[in-house]
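Each chain, written out:
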Amino acid sequence: MTAAAVPALKMQRRSLYPGWFYAPAAVVYSVLFLAPTFASLYFSLTRWTLFDATFIGFDNFAQFFREPFLIQGLVNTVIYAVITSGLKVVIGMALAVMLTSQIMARGYLRSVIFFPVLVSTIGVGMTFTVLMHPTLGMINQTLAMFGIAGPGWLVDPKLALFSVALVDVWKGVGLATVIYIAGLVAIPKDYYEAARIDGATKLQNFFYVTLPLSRPATATVITLSFIGGLRTFDLIWAMTKGGPGFASDTVASVIYKQYQAGFYGLSTAGNVVLFVLIAVLVVPLTMFLNRKQGHE
Amino acid sequence: MKTKFFALTGASLLGLMMTANAVNAQQSGYLSFLIDNGPQSVAVAEAWVAAYTEKNPDVTIDIEVRPGGGEGDNIVKTRLATGAMADVFFYNSGSLFQAINPVQNLLPVTNEPWQAGIQDSFKSVVSAGGEVYGTPFAPAMGGGIFYNKPIYEELGLEIPKTWEEFMANNEKIKAAGKTAVIQTYGDTWSSQLFVLADFYNVLAAVPDFAEKYTANEAKFATTPAALRGFEKLQEVYEAGFLNADFGAATYPDGLRMVATGEGAHYPMLTFGIGAIAETVPDHLKDVGFFAQPGDSADSNGLTTWMPDSIYIAKSTSSPDLAKDFVGFIGSPAGCDIRNEAVGATGPYMIAGCELPADVPPAVSDMLPYFQEGGHNGPALEFLSPIKGPALEQITVEVGSGIRSAADGAALYDEDVRKQAQQLGLAGW
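If you're matching them up, the sequences are chains V and S in order. Numbered per this note's numbering, the first sequence spans residues -11 to 284. Numbered per this note's numbering, the second sequence spans residues 3 to 430.
Warning: the hint list may mix true and false statements.
Claimed, not checked - Calculated lysine-lysine pairs in the DSSO-like style (CA-CA distance at most 30 Å, straight line):
1) Lys316/S - Lys57/S
2) Lys163/S - Lys176/S
3) Lys151/S - Lys180/S
4) Lys177/V - Lys190/V
5) Lys316/S - Lys389/S
6) Lys176/S - Lys287/S
7) Lys229/V - Lys221/S
8) Lys163/S - Lys174/S
9) Lys146/V - Lys389/S
10) Lys125/S - Lys389/S
11) Lys125/S - Lys214/S
12) Lys146/V - Lys176/S
13) Lys214/S - Lys163/S
14) Lys389/S - Lys229/V
15) Lys180/S - Lys146/V
In short, the hints are calculated from the structure, not lab data.
Given only the sequences and the hints, what does the whole structure look like? Please build it.
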């Protein structure tokens, strides 16, 4: 009986449904994802006017790396990704700890923290552009009431990128908080009880129980916000359009400007570069985060 | 009706054409009409459509609106490339027109009756491959400097004929505690004016600059006269003449400020007159205009812009109706409707079009440059197909002290090279 049962079981596992069930998904995936990806690889090697394309080899890539503002765009992109993901981890964790403890109006506060995530990025960008106006904006007018001359948040080339990054954190921290709340709630109570029996303080509780056991949440938050930061575009475009001059340009905004100028081949090449950049930075990062997690 | 219309094409006299329009049998059908979302454009397009459909009740024309600037360029190019363009649409003339592949995408109107009344200088900036494709959307424009008349009267200032006089005026205005020069880098395109509107002065010094520039033989950074525009931008910043919020202020802010006297000078194209008339009509008479001064009073002249244009997409399903509508816009009747709807902003490119008697001072200040004894020359974008797309970012940098004029000009030369290569020009 056993001899006959084993292959039957195997077969049943293998072909519970026919392979054709994959076909619709495969078609959608090929048409909407694979085809454009390979087409863009081809177009990145051409001088493309939308009306016709001339094959020019790797000239677009050479040109893209000669762009005087590209290097600054690359540096800005990494700075932006590091600042936003770093702040989202720290603030998100702090808010999550607060919102999982016994405080007043917890449910209400949780929604308040999450609301900015639901608002359109462009709307947020335009609102903060108004608030951050150097002379008429509410932020600087409030500062002026206390006798402080506020800076030109978005028009000072040294500040513009950081101002946008702060708005990004304001808008995105709610999502990080929710991920952390889920992570913290999933930590079994036994650990805290054991720690209490050992006489741990609240601080020790946090550093020796909460922090290490929320590593999966941290890995998720870092990966999501880092990738988000690397390919950020909408907020920067709504607030500064990469300006003043090129001061807050990121790779994505440089690519968009090439596209706008009608350099379709060049901007497609830029997208290939951005794709490689994200892969090169994020793959090792996730491998690192997941390896650590495996050791726990 | 078609035969009747074409029977008349041989007689290209304007008077006959007007009669033709008047006696034409009524048109019927449907057209879509794509314009940019500037309040002026919308107002005038609505007026044209209303007048045309009143004459032809069986015609329906839908006005579609798109954003301006680079985003609008994208929409126009994408819709042309996908064959989904509106029947009739509005777009730039000159270098941007060359970039939408007119021969392949547009319907030629070279031999249409109304083209006889259109000035050759306009036709030259909407032609490709020997055919004319455009019809003027608006009057000609000048690029120069709006000034606030009450401030000039109060301080007893003269209209400057040289850059030195201009800077001396600025110094006096600043000493009187006022903003001498308004800049509005919140709308980055407006930062280019000091460079673009200086082109008459460039041509005065180097008459063949445009040809050499197109042939990759002359550069902004190494041609002193061309570099001057960037230097002027740097000078007004370094002298501290600008409004406090120059980095965030926008184009409407700039027009309001020069009209109400919050600032004395605003470098801009004269199409701003229409917007001033609409937003601060009480101050329209307070705004005057002069050409951007060069280094010598003898060669004072105005850099002019050809108007934007109306085109017919080759993909249109009703070419005859589209031509009839565009011919209506390009006739004196079309100009009258424009005058009525948004006021007069400059001299028309269409024969028989008259300016009303009571034009605003900024318009009458501009007219002498176009009349006998006046001097004007086209902006670079009408003499060369190459305009670098990053100019507005570079001029923001030079105009707010982030980059020096020489560096900015050199960076722009790099930017221009990309555009020339994209257009496939020889010698790059």
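Against the structure, the hints:
| no. | hint | verdict |
| --- | --- | --- |
| 1 | Lys316/S - Lys57/S | 26 Å, holds |
| 2 | Lys163/S - Lys176/S | 19 Å, holds |
| 3 | Lys151/S - Lys180/S | 14 Å, holds |
| 4 | Lys177/V - Lys190/V | 14 Å, holds |
| 5 | Lys316/S - Lys389/S | 26 Å, holds |
| 6 | Lys176/S - Lys287/S | 23 Å, holds |
| 7 | Lys229/V - Lys221/S | 28 Å, holds |
| 8 | Lys163/S - Lys174/S | 16 Å, holds |
| 9 | Lys146/V - Lys389/S | 29 Å, holds |
| 10 | Lys125/S - Lys389/S | 20 Å, holds |
| 11 | Lys125/S - Lys214/S | 23 Å, holds |
| 12 | Lys146/V - Lys176/S | 28 Å, holds |
| 13 | Lys214/S - Lys163/S | 28 Å, holds |
| 14 | Lys389/S - Lys229/V | 20 Å, holds |
| 15 | Lys180/S - Lys146/V | 28 Å, holds |
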